[in-house]
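J.: Listed below, chain by chain, are the residues.
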Amino acid sequence: MSESLKVPTMAEFMAQGKQPEVLFWVGCAGSFDDRAKKITKAFVKLLNKAGVEFAVLGTEESCTGDPAKRAGNEFLFQMQAVTNIEVLNAYEVKKIVTACPHCFNTIKNEYPELGGNYEVMHHTQFLKTLLDDGRLTVEGGKFKGKRITFHDPCYLGRANNVYEAPRELILKLEAELVEMKNCRRNGLCCGAGGAQMFKDAEKGDKEVNVARTEQALDVKPEIIAAGCPFCNTMMTDGVKAKEKESDVEVVDIAELIANAQDL
Amino acid sequence: MQYLSNILFAILLIVGIGFFAKNVKKLIRNIKLGRDLDVNDHKSERWKNMAMIALGQSKMVRRPIAGILHAIVYVGFIIINIEVLEIVIDGLFGTHRIFSSIGNLYGVLIGAFEILAILVFVSVILFWIRRNIIKLKRFWKSEMTSWPKNDANYILYFEMVLMTLFIVMNATDSHFQDMNSGNLISQFVAPWFNGLSEGTIHFIERGAWWIHIVGIFIFLNYLYFSKHLHILLAFPNTYYGKINPKGQLDNLEAVTKEVKMMMDPNIDPFAAPAAGTEGEVPAKFGASDVQDLNWVQLLNAYTCTECGRCTSECPANQTGKKLSPRKIMMDTRDRLEEVGKNIDANNGEFKEDGKQLLDDYITKEELWACTSCNACVEACPVSIDPLSIILDMRRYLVMEQSAAPVELNNMMTNIENNGAPWPYNQMDRLNWKNE
Numbered sequence: 165m166s167e168s169l170k171v172p173t174m175a176e177f178m179a180q181g182k183q184p185e186v187l188f189w190v191g192c193a194g195s196f197d198d199r200a201k202k203i204t205k206a207f208v209k210l211l212n213k214a215g216v217e218f219a220v221l222g223t224e225e226s227c228t229g230d231p232a233k234r235a236g237n238e239f240l241f242q243m244q245a246v247t248n249i250e251v252l253n254a255y256e257v258k259k260i261v262t263a264c265p266h267c268f269n270t271i272k273n274e275y276p277e278l279g280g281n282y283e284v285m286h287h288t289q290f291l292k293t294l295l296d297d298g299r300l301t302v303e304g305g306k307f308k309g310k311r312i313t314f315h316d317p318c319y320l321g322r323a324n325n326v327y328e329a330p331r332e333l334i335l336k337l338e339a340e341l342v343e344m345k346n347c348r349r350n351g352l353c354c355g356a357g358g359a360q361m362f363k364d365a366e367k368g369d370k371e372v373n374v375a376r377t378e379q380a381l382d383v384k385p386e387i388i389a390a391g392c393p394f395c396n397t398m399m400t401d402g403v404k405a406k407e408k409e410s411d412v413e414v415v416d417i418a419e420l421i422a423n424a425q426d427l
Numbered sequence: 557m558q559y560l561s562n563i564l565f566a567i568l569l570i571v572g573i574g575f576f577a578k579n580v581k582k583l584i585r586n587i588k589l590g591r592d593l594d595v596n597d598h599k600s601e602r603w604k605n606m607a608m609i610a611l612g613q614s615k616m617v618r619r620p621i622a623g624i625l626h627a628i629v630y631v632g633f634i635i636i637n638i639e640v641l642e643i644v645i646d647g648l649f650g651t652h653r654i655f656s657s658i659g660n661l662y663g664v665l666i667g668a669f670e671i672l673a674i675l676v677f678v679s680v681i682l683f684w685i686r687r688n689i690i691k692l693k694r695f696w697k698s699e700m701t702s703w704p705k706n707d708a709n710y711i712l713y714f715e716m717v718l719m720t721l722f723i724v725m726n727a728t729d730s731h732f733q734d735m736n737s738g739n740l741i742s743q744f745v746a747p748w749f750n751g752l753s754e755g756t757i758h759f760i761e762r763g764a765w766w767i768h769i770v771g772i773f774i775f776l777n778y779l780y781f782s783k784h785l786h787i788l789l790a791f792p793n794t795y796y797g798k799i800n801p802k803g804q805l806d807n808l809e810a811v812t813k814e815v816k817m818m819m820d821p822n823i824d825p826f827a828a829p830a831a832g833t834e835g836e837v838p839a840k841f842g843a844s845d846v847q848d849l850n851w852v853q854l855l856n857a858y859t860c861t862e863c864g865r866c867t868s869e870c871p872a873n874q875t876g877k878k879l880s881p882r883k884i885m886m887d888t889r890d891r892l893e894e895v896g897k898n899i900d901a902n903n904g905e906f907k908e909d910g911k912q913l914l915d916d917y918i919t920k921e922e923l924w925a926c927t928s929c930n931a932c933v934e935a936c937p938v939s940i941d942p943l944s945i946i947l948d949m950r951r952y953l954v955m956e957q958s959a960a961p962v963e964l965n966n967m968m969t970n971i972e973n974n975g976a977p978w979p980y981n982q983m984d985r986l987n988w989k990n991e
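First to last, the protein sequences are chains V and F.
Using our numbering, the final residue of the first sequence is 427, and nothing's skipped along the way.
Using our numbering, the final residue of the second sequence is 991, and nothing's skipped along the way.
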C-alpha cells in the first residue's frame with residue numbers, strides 16, 4: 165500500500181519553484197512511533213484522496229521543543245524553536261497542519277513571539293474544512309451506529325478550545341458519539357503531557373492513563389477515538405491494563421475517516 | 557458626656573480602617589516583591605473577564621450547588637453593606653436610622669436586607685455542613701489541616717453571628733418595629749423579647765448594634781490573615797489573569813537573548829562585556845523562591861480561597877500523587893508571608909533565612925508530577941494559574957540545577973542530538989513513507 169502514498173517534501177516543491185497549499189508537520193511521534201506512523205499514513209491517504217497539495221519537511225523537521233519546554237528546559241526549547249522557524253521561514257511557509265496537538269499548540273502559540281507566524285491547524289480541523297468544502301466525502305460505512313467516545317487531548321481542548329471539530333467528524337461517520345463523565349473543558353488528562361510521556365510517574369495509587377481509560381470504558385464504547393499520538397499510546401496501554409483490548413479499539417480520528425472509506 | 561459614644565465610634569472607625577489600610581499596604585508591598593510583568597495589554601478583554609468571572613461569578617456556578625449558595629452569600633455581602641453605611645453615619649453623628657427619612661424605599665431596602673440575611677444564614681449553615689458533616693473530599697485533603705481548616709470555619713461562624721446580630725438589632729428596635737415597614741423577618745423575632753422591660757430591650761438593641769459593627773471591623777481586619785481575602789482580590793486577579801490560550805506558556809526573554817547570541821555568527825562569544833555591564837548578575841532562570849515569581853503569581857497566591865476545585869480536577873492528585881495545585885498556591889502565600897515578616901523584622905531589608913519556596917515548601921516530587929494539562933487553571937473560579945508556578949520552578953531545577961529526573965535528561969539529550977525525544981536519527985524522519 166505504501167507505494168500509493170504521495171509524500172512530497174518542501175525541498176522538492178522548492179526545486180520546482182512551487183508552494184504547497186499546506187505544510188504537514190509530522191512531528192516526532194508521527195515520524196518514529198510505530199503506532200503513530202499509522203496515523204500519519206492514514207492522514208496522508210486522506211490528503212492524497214482529497215487532492216491536497218501538501219508537503220512535509222522530512223529530514224529537515226525537528227522536535228518543536230514542547231517536551232523540553234514543559235520539562236523546564238527553556239534553552240533547549242528555544243534552540244529548537246529558532247532552528248525550526250528558520251527552516252519554515254526560509255520555505256516561506258504560511259499554513260501548517262499537524263496530527264499532534266503538542267506540535268499544534270507550540271507552533272501556533274509559542275513560535276510567533278520567536279518570529280514564526282503561521283496559520284496552524286489540527287488535522288481534525290483541516291479534515292473538517294475538506295469535508296465542508298466538498299473536497300472529501302465520507303459516509304458512515306463500517307462505523308455506522310458504532311459507539312464511539314472521544315478523548316479530548318488537553319493540548320487541543322483546554323489549551324486551545326478546540327472541542328467540536330473532532331466530534332463533528334465522528335458524527336459524519338453516522339456513529340453514536342457517547343461522552344465520558346469528564347469531557348470537553350473538563351476532560352481528564354491521559355497522563356502524557358508536561359513531558360510525563362518520557363518518565364515514570366511519581367508514586368501514587370493509580371496511573372493517570374488507567375483512570376482515564378476507566379472513564380472511557382464506563383460508557384461502554386466499541387471505539388475510543390483519539391486526536392493525539394501520545395493520548396493514543398496512553399489510552400491503548402490503559403485498555404491493555406484493563407484487559408479489554410479484544411473489545412475496545414483506540415483509533416485516531418484520521419484513521420476512522422480513512423478506514424470508513426477503506427483507504 | 558453626650559458625645560462619648562460618637563467619639564468612641566469615631567475612634568473605632570479610625571482604628572478599624574487604619575489597621576486595615578496598614579495591612580493593605582503590606583499586602584501590596586509583598587506582592588511587589590515579585591518580578592515585574594507587563595499586563596497593560598488587552599484592556600477591554602481584561603475588564604470583560606473581571607465583569608464576567610469576578611462580578612458575574614461565571615465560573616463559580618459551574619458547580620451549581622456551591623455556585624448558587626456562594627452567589628447568595630456574595631450578593632448578600634454586597635447589598636447588606638449598604639446598611640453599614642447607615643450604621644457608620646448613625647454612629648458618627650448620633651442619629652438613628654438616618655436613611656429612614658427617605659420613606660417607603662427604606663422599608664423596601666431593609667426588607668430586602670432581612671431576607672438576604674436569612675438566605676445568607678441558611679447558605680452559610682449549608683456550607684458548614686458540606687465542610688464538617690458531609691466532609692466533601694476536597695475540604696479534607698492533607699493541606700487542609702490546622703489553620704486552613706479552622707480559617708474556613710471561623711469565616712462561616714463570623715457570618716452566622718453577623719447575620720444574627722443584624723436581625724436581632726432590627727427586632728429589638730422598637731422605633732423600627734413601630735414603622736412596620738421592612739421588618740419582614742425581624743417582626744417574627746421581635747416577640748421573642750416580649751416581657752422584657754423597655755430598657756432591657758433597648759439595651760439589647762444597642763448591644764447588637766455595637767457588636768455588629770465591631771464584628772464587621774474585626775472581620776475586615778481578619779481578611780489579611782485569611783483565605784477570605786478573595787472577596788477583594790478576586791477582582792484584580794481576574795483582571796490580570798491569563799489572556800493567552802491556556803496552552804501557551806511564556807517564552808523566557810532572558811533565554812531568547814542568549815539563544816539569539818548563540819545563533820548569531822557575528823557575535824564574538826569571547827568578547828568582553830559591554831562597558832557598564834561588568835557587574836551585572838546574569839538573570840536567574842526560573843524560580844526557587846517567591847521573589848523569582850512575577851507579581852501576578854504572587855497576587856494569585858493571596859487571592860486563593862482554598863476551595864480546592866483545582867486539586868479535585870488534577871489528574872495527578874486524583875491518582876494519589878503528592879501534587880496539589882491548591883497546596884502550590886498556599887505554600888507560595890505562606891512563604892511570601894514569611895519573607896514579608898522577615899522584611900518587617902529587619903528594617904525593610906530581607907535577611908537571608910536559609911529557606912526558600914523550593915524544597916522547604918514545595919518538593920520536587922510535587923513539581924514533577926504535573927502533566928501540564930491545565931485542569932487546575934480551568935477549574936479555578938478566580939483565574940489563578942498554578943501551572944505557571946510549577947513551570948517556573950521546573951525551569952529553576954533544570955536550568956540552574958540540572959536536577960531533572962534521569963529519564964527527562966535522556967529525553968532532552970535526544971532532542972539536542974537528533975531532534976526527537978527518542979534516540980532516532982533525524983535522517984530517518986521520513987522513513988515511514990516507505991515502510
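Hints were generated in silico from the structure; no laboratory data involved.
Among the hints, erroneous ones may be present.
[Unchecked claim] The calculated lysine-lysine pairs, modelled on DSBU-like cross-linking and capped at a C-alpha distance of 30 Å, are:
no. : chain 1 : residue 1 : chain 2 : residue 2
1   : V       : Lys258    : F       : Lys813
2   : V       : Lys345    : F       : Lys989
3   : V       : Lys404    : F       : Lys813
4   : V       : Lys308    : V       : Lys406
5   : F       : Lys693    : V       : Lys201
These figures come from a predicted structure and were not determined experimentally.
J.: Are the Cα atoms of F/Lys693 and V/Lys201 separated by 30 Å or less?
T.: At roughly 42 Å apart (the allowed maximum being 30 Å), V/Lys201 and F/Lys693 break the hint.
J.: Can the restraint linking V/Lys258 and F/Lys813 be considered satisfied, given a maximum Cα separation of 30 Å?
T.: holds, 26 Å
J.: Keeping to a limit of 30 Å between CA atoms, is the pair of V/Lys404 and F/Lys813 held or broken?
T.: violated, 46 Å
J.: Between the alpha carbons of V/Lys308 and V/Lys406, is the straight-line distance 30 Å or under?
T.: holds, 26 Å
J.: V/Lys345 and F/Lys989 were given as a pair; does the straight-line alpha-carbon distance stay at or below 30 Å?
T.: violated, 38 Å
The structure fails to meet hints 2, 3, 5 from the earlier list, while all remaining hints are met.
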